[in-house]
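Student: Chains as they are written, first to last, in our numbering: chain A, 1 to 441; chain B, 1 to 257.
By construction, these hints were calculated from the structure, which means they are not laboratory data.
Hints are supplied without guarantee of correctness; some may be wrong.
Stretch-level coverage of chain B by chain A, calculated; a stretch enters the list once three of its residues show a Cβ under 8 Å from a Cβ in chain A [to be verified]: (1) 10-23; (2) 26-37; (3) 58-64; (4) 88-96; (5) 129-135; (6) 192-201; (7) 230-240.
Glycine is no exception: its CB is placed at the ideal position from the N, C-alpha and C atoms.
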Amino acid sequence: MHSNGLFLKDVAGFLGSYYTALAVMNGVAGYLLWKRSKEPTQALVWTVFAGVMMILASLALSGSPGLVPALPAWLRGLVNQLSGPVLYTLGTTALLTVLFVFRRFFVKPMVAWTILNAMLLLMGLSMADENFASIVMKPDNVPIVGLVFLLAFFTWVATKQAVVNDDRIAQGLPPMEKLDDEKVLVWPDLVYTELICMIAVSAFLLAWAIFLPAPLEEPASSVKTPNPSKAPWYFLGLQEMLVYFDPWYAGVVLPSLVIFGLMAMPYLDFNKKGNGYYSIAERKFSYLTFQFGFLELWITLIILGTFLRGPNWNFFGPFEYWSPYKVEVLNNVDLPQMFWVNLLDRPLPRAPQGASTLTQVGTILLREAPGLVLLGAYLLILPPLLAVTVFRGFFARMGFIRYMIMANLMLLMLSLPLKMVLRWTMNLKYLVSIPEFSLNF
Amino acid sequence: MAIGETIRNSQIWKSIFRHPMPLDRRNRIVVMLTNFFLHLHPVSIKKQGIALSFTWCMGGVTFFLFLVETVTGVLLMFYYRPTLEWAYNDILALRDVTSLGILRELHRWGAHAMVITTWLHMYRVFLTGSYKPPREFNWVIGVILLLLTLLLSFTGYLLPWDQLAIWAITVGSNMARATPILGYEGPGQQLLTVGGIDMITDGSDARFGLLGARFVGEETLNRFYVLHCIAIPLAVALLLAIHFWRVRKDGGISGPL
């Protein structure tokens, strides 16, 4: 934090090779665009970009920390100030929506290339920030950085083919995958691909293992609790859900439902189209549901939990120092409190001392009536209501049981974003809060 | 050239490989049928099905990483003792004393990579709609394999016995405490009582079953070690066999019907 010059000296070598790699990558792209694609203008643009990267590389390697290319301090401060769980979630949702709606534009190779370079450049400039680098370069966080780029790449690969196929299907043509019905011998075509794959993965893994030592902290101590205490990275989406739900739901029920829902998927998706080829238009509902669950609710929450949650699970901007002293106001209120006290101006219903069990349970039910009614309406009334309106076609084709399982899985999945919105807009803590039975929702 | 010829014509070579070199079409077919390792594959395959942009190779890479984990894992077991006294010191020695000091790195990064490639494999299977009939059940097996992969990684996370390890497992397993009815802080745990005595306590609930103790301690280390090195890998191996067998039986590598 305080020895910024020292830190920049440490990171300069890495950034130097990083920008050099960017320069080489774009130099090759420029060459291929010129020679192979006969696109002299594009070739020029990316060659110039490669030159700029080369300049950045030499600035990083110049030996004077002040010259290491970085985002200006005011911009980093602004990003820190603006970022928060609300903006992060809405922002990623908006981003994914834009990418989806204008997918025709984004799958163009040159657009994708521009975005990739912008991402890599932004990453490099951010790395010159000590706080950013200390989180991103944590050995166990490196895989997540890789995951982000891999997912972006493969989503692009898939969407590109889906867009082509959707156009073809709209014209009454078969998908691309169907054009080539030719069969080849597994030896050599597949066996050699597998061999090359194994060698490539081995080389990659060896390089990774040589350059990045596995983390090893102090010996385990059950009395020294680290702050923050985090689960392994692939469970951090679940840990993030603990902000909005109690452990029984966020940590046990919802993960079980994710597994159950994934297993149920082939039996719920009655759409026979889109089997064995990339397509979006032919299966828009299942596509959007899956992508919302995977990219938005699983991946972005992992990124949030890993990179943006610091001590005490407080939110920290990407360039913010993880101070354990940061205080966030927690003024969340339960729904019964809102309903009885704030709205009706009455005390919470309470059973008299020594009342019978029945009276006590009755009082709890009365106290929690607003939340229970809302929940009941959400899980019991909404599915049939949807069955006769929006999902009329689904209901007819799926039958009662399959439809109810689908609708309930859907509503339970949506319970997370809905609870988020309720928390942000109304400071709602629990809809139903029955501490007597450790049942909070 | 002549030496190669002599070797390939020797009795030893011929006793090992039941087929001649796959240099012509006939032998390229024969090799797939008579070689134990290759017979997992069909003889011929849709050209489009193995196109890189279509298949991404992520299932195969995941399997390869599983093999890497098995080999490096066995080697690590030579050096590592799962006791409070030795666990951490053995890991230190693995880094500082043992030759081939990147064994643990290979194992750890391979494990992270395996989680990622499993996700990417499932992502591809979803995006090509390959979970649809007749492959529904193989998708279900795949989901169980996903769960086992995560559990493998989770149980392995504890073994270095450093601060990172025990607190990640503590945070992760604290959830089990809140299991409805079966966790002692879960909703409805009061329901299981016999003669007024609570059946679900911190010494008998779901978390206790997972950890073998009330907190992450020596019993947990032993339990996770056994799960990580024996129980889960065996389950994975069995399910992998079924997974691959079903790929063949359900119409081979995915492609348009």
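Student: If a hint holds in the structure, say so; if it doesn't, say that too.
Tutor: Each hint tested on the structure:
1. 10-23: violated (count 1)
2. 26-37: Holds, because 4 residues of the segment 26-37 of chain B bring their Cβ atoms closer than 8 Å to Cβ atoms of chain A.
3. 58-64: Our answer is that it holds, as 3 residues pass the Cβ test (under 8 Å) against chain A, meeting three.
4. 88-96: Satisfied; 4 residues make the cut.
5. 129-135: Coverage by chain A holds here, the residue count being 6 at a Cβ distance below 8 Å.
6. 192-201: With 0 residues close enough to chain A, the hint is violated.
7. 230-240: Violated - the segment 230-240 of chain B has 0 residues with a Cβ nearer than 8 Å to chain A, which falls short of three.
Of the hints listed earlier, those the structure fails to meet are numbers 1, 6, 7, in rising order.
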